[in-house]
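Colleague: So the sequence shown is numbered by my numbering: it starts at 1 and just counts up by one.
If you are wondering where the hints come from, they were derived from the structure by calculation, not from laboratory data.
This structure is a prediction, so every number in the text was calculated from the model and none was measured.
Heads up, the beta-carbon is just placed ideally off N, CA and C, and yes, glycines get one too.
Errors might be hidden in some of the hints.
[As the list claims (entries may be wrong)] Okay, the calculated beta carbon distance ranges per label pair:
(1) Leu98 with Val49: 34 to 42 angstroms
(2) Gly13 with Leu98: 14 to 22 angstroms
(3) Thr91 with Leu17: 32 to 40 angstroms
(4) Arg87 with Arg9: 40 to 48 angstroms
(5) Ala74 with Gln47: 26 to 34 angstroms
(6) Ile43 with Glu71: 14 to 22 angstroms
(7) Val49 with Val3: 16 to 24 angstroms
(8) Ser52 with Asp84: 48 to 56 angstroms
(9) Thr35 with Met72: 40 to 48 angstroms
(10) Val90 with Glu8: 36 to 44 angstroms
(11) Thr35 with Asp84: 17 to 25 angstroms
(12) Glu5 with Thr70: 18 to 26 angstroms
(13) Ala83 with Glu5: 41 to 49 angstroms
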Amino acid sequence: MSVQERKERERAGRQRLIVATARELAEEQGWDAVTTRRLAERIEYSQPVLYSHFRGKREIIGAVALEGATEMAAAVRAAASAADTPRARVTALALAYLDFAERHP
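All chains should be built: construct the whole structure from the sequences, respecting the hints.
Modeller: Below is the structure:
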């Protein structure tokens with residue numbers, strides 16, 4: 001493994017940590033609690049490190065939203081594909097959506 005590959009892997013890991021921590025903060029305390037200062041404190045990196053990954057809070061929130069939408073789509077897709085009739089698919093889809101929304105407010 002090259003130094004460049006290691007640095008890219010570490011950068012991707014920091015970015016995942018920032019997004020996961022922002023999501024945790026939002027789920028625990030609401031979106032107003034998601035600030036670059038709080039994120040930096042929680043992940044034990046400086047605010048400039050956050051800005052080296054994201055342009056600001058809006059971009060971090062966008063990354064959290066994209067991750068959540070991707071997870072929700074996968075959950076809904078899996079539930080719908082397990083059903084064998086159109087009616088059962090719609091029911092499974094709706095239940096999967098509601099379950100996801102309840103677990104990730």
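Colleague: So which of the earlier hints does this model not fit?
Modeller: Result: hints 2, 9 and 11 break, sorted rising.
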